[in-house]
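Could you put together the complete structure from these sequences and hints?
As given, the protein sequences belong to chains Z and V, one line each in that order.
Quick note: the first sequence, position 313, residue 313 per my numbering, numbers continuous.
So the mapping is simple: my numbering equals the position in the second sequence, first residue as 1, plus 392.
A portion of the hints provided could be inaccurate.
As the list claims (entries may be wrong) - Here are the simulated lysine to aspartate or glutamate pairs, EDC-like style, with alpha carbons at most 20 Å apart: (1) Lys386(Z) to Glu421(V); (2) Lys389(Z) to Asp415(V); (3) Lys386(Z) to Glu412(V); (4) Lys515(V) to Asp445(V); (5) Lys447(V) to Glu375(Z); (6) Lys190(Z) to Glu161(Z); (7) Lys477(V) to Asp503(V); (8) Lys89(Z) to Glu111(Z); (9) Lys389(Z) to Glu421(V); (10) Lys389(Z) to Glu412(V); (11) Lys386(Z) to Asp415(V); (12) Lys216(Z) to Glu168(Z); (13) Lys331(Z) to Glu301(Z); (14) Lys389(Z) to Glu414(V); (15) Lys360(Z) to Glu3(Z); (16) Lys386(Z) to Glu414(V).
Claimed, not checked - Just the calculated beta-carbon pair ranges, DEER-fashion: (17) Leu224(Z) to Gly489(V): 55 to 63 Å; (18) Gly27(Z) to Glu486(V): 45 to 53 Å; (19) Glu124(Z) to Arg408(V): 36 to 44 Å.
As the list claims (entries may be wrong) - Just so you have them, the derived chain Z footprint on chain V, three or more residues with Cβ under 8 Å: (20) 403 to 409; (21) 428 to 436.
If you're looking for bench data, these hints aren't it; they were derived computationally from the structure.
Since the structure is predicted, the reported quantities are computational estimates derived from the model, not experimental observations.
Yeah, the Cβ is synthetic: ideal placement off N, Cα and C, and Gly gets one too.
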Amino acid sequence: MREVYLDNYAASPLPPEVREAMLPFLGERFGNPSSLHGRGDAAREAVEEAREKVASLIEADPSEIIFTSNGTEANNLAIKGLAAGSRRKGKHVVISAVEHFSVLHAARTLEKQGYELDLVPVDEHGRIEIEELRSLIREDTVLVSVMLANGEVGTIQPVAEAAALAAEKGIPFHTDAVAAAAHIPIDVGKLGVQALSLSSDLLYGPQGVGALWVKKGVRLIPMLDGGVQEGGRRGGTENVAGIVGMGKAAELAKERMGERSAHLADLRDALIRGLTSRVEHLELTGHPRDRLPWNASFVVEFIEGEGMLLFLDQRGVAVSSGSACTSRALKGSHVLAAMGIPPEKAQGSILFSFGPQNSKEDVDYVLEVFPPIVERLRQMSPLYAKYLKERG
Amino acid sequence: MAQYSDVVMEHFTNPRNVGEIEDADGVGEVGNPVCGDMMTFYIKVDDDGRLSDVKFKTFGCGAAIAVSSMVSEMAKGKTIEEALKITRDDVAQELGGLPANKMHCSNLGADALHKAIEDYLEKKGKK
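Below, the structure written as structure tokens:
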């Protein structure tokens, strides 16, 4: 059976160049960057080289990069560490309503600790209401965080504009660039942000590594106390092989961004065109134009995401869904809810996330197998039966 | 999907008794699409008080569809008294188990069947 892997937002194949770069550090080139002998020097040099490559991807200074164990840790460190860093100025935090759980839940934790939290609402396309953000920023606001792009629905946020609002009041601004970094050119100076999160796996690097960039001079309280690794901002022995892999992935991301994004956008657009013309009551979610090139997300009315996912899996197609039934917590997507999509419709959420290895043939295969699956599930659906009766 | 037993996957893939009964003797609806699962059961009862036909329509996850299919099979041919004794646990057991987080929300088939029977008894009582 044909295998069509369209869940690259969850995990993606490691490019051979990245694997090759990592392998020596899992073997003969072992060493601890903190050691003072030759092996330590070699490991430290490898980590510093990776730091330069990651910094270069976002046009930052390498000394401002903190390696973490993933994007979630980078976001936690940013939200909790920056809020704690300016605690004396106030206890008010503003984030968007469509942030990843690692930002949203970190901010909820601050709330439990006595901070006040406001969520910036989004429009039907998932884009923040910039005027709402303006009105939410207060004198005692200590942190604003708005993601660069949302992975679930692909919408790219007006981060430069949002950051400028925070800058007027001298408030640190963080952006979660995890879903965006490999596909949108980033210049932290031009964005006007003070902190930015990255995850290696979404740069097509290995899992288990991330990075937080924090601008020099912005006060950050560490979360992991330990040795003086990462300039004392993140204790713990470095994941050398992983960091080297992330560095290589960042280098490739910069080199291949134009080519990759163009390829992905072609596949995305072919799928969006094909599905919207072949399947009734199927809607694109997220912004129709300002969206990540790899993201094709939809809601399919009258049916539920897990059923689609299971039938697609039986045909060799791997995808994901934001429906309540597919989440381990059995809760519907907060992103779709924030966009005003009613819960029963959000149950029919499905996300096709492309990677560089995907081809036009993959899209054709999905266009062939998916519409009959929708039809099959609708034939079982009491909601569809009701709709047909009401339509007459 | 490794979270489901082979029996669940088989019933999800080839569900029995999907459909509606136009002149059903009883109809039972449970759940709602907001919480994720919704099932409608239709029954036909013969003169001996046996369920001569059972059909369903289900909106929900793989487990919800498999549960509906299994309940329809278990109930078909049974007397009303027997069918009313089918419990959620019986259904889960026949399916070779259900994931813990799906035991509550998706395992509504027996409830929908019982509601259809109650609907039938109510209608019969009025006659």
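Now the hints, each set against the structure:
1. Lys386(Z) to Glu421(V): holds, 13 Å
2. Lys389(Z) to Asp415(V): holds, 16 Å
3. Lys386(Z) to Glu412(V): Roughly 11 Å between the alpha carbons, so the hint for lysine 386(Z) and glutamate 412(V) holds.
4. Lys515(V) to Asp445(V): holds, 17 Å
5. Lys447(V) to Glu375(Z): holds, 19 Å
6. Lys190(Z) to Glu161(Z): Holds, at about 11 Å.
7. Lys477(V) to Asp503(V): Distance of about 11 Å is within 20 Å: holds.
8. Lys89(Z) to Glu111(Z): holds, 16 Å
9. Lys389(Z) to Glu421(V): Roughly 17 Å separates the two Cα atoms, so the pair holds.
10. Lys389(Z) to Glu412(V): Since the Cα atoms of lysine 389(Z) and glutamate 412(V) sit roughly 13 Å apart, the hinted pair holds (cutoff 20 Å).
11. Lys386(Z) to Asp415(V): Given pair lysine 386(Z), aspartate 415(V) holds - Cα atoms ~16 Å apart, limit 20 Å.
12. Lys216(Z) to Glu168(Z): holds, 19 Å
13. Lys331(Z) to Glu301(Z): holds, 18 Å
14. Lys389(Z) to Glu414(V): At roughly 13 Å apart (the allowed maximum being 20 Å), glutamate 414(V) and lysine 389(Z) satisfy the hint.
15. Lys360(Z) to Glu3(Z): holds, 14 Å
16. Lys386(Z) to Glu414(V): holds, 14 Å
17. Leu224(Z) to Gly489(V): 55 to 63 Å: violated, 40 Å
18. Gly27(Z) to Glu486(V): 45 to 53 Å: holds, 52 Å
19. Glu124(Z) to Arg408(V): 36 to 44 Å: holds, 40 Å
20. 403 to 409: holds (count 3)
21. 428 to 436: holds (count 5)
In this structure, the one hint that does not hold is number 17.
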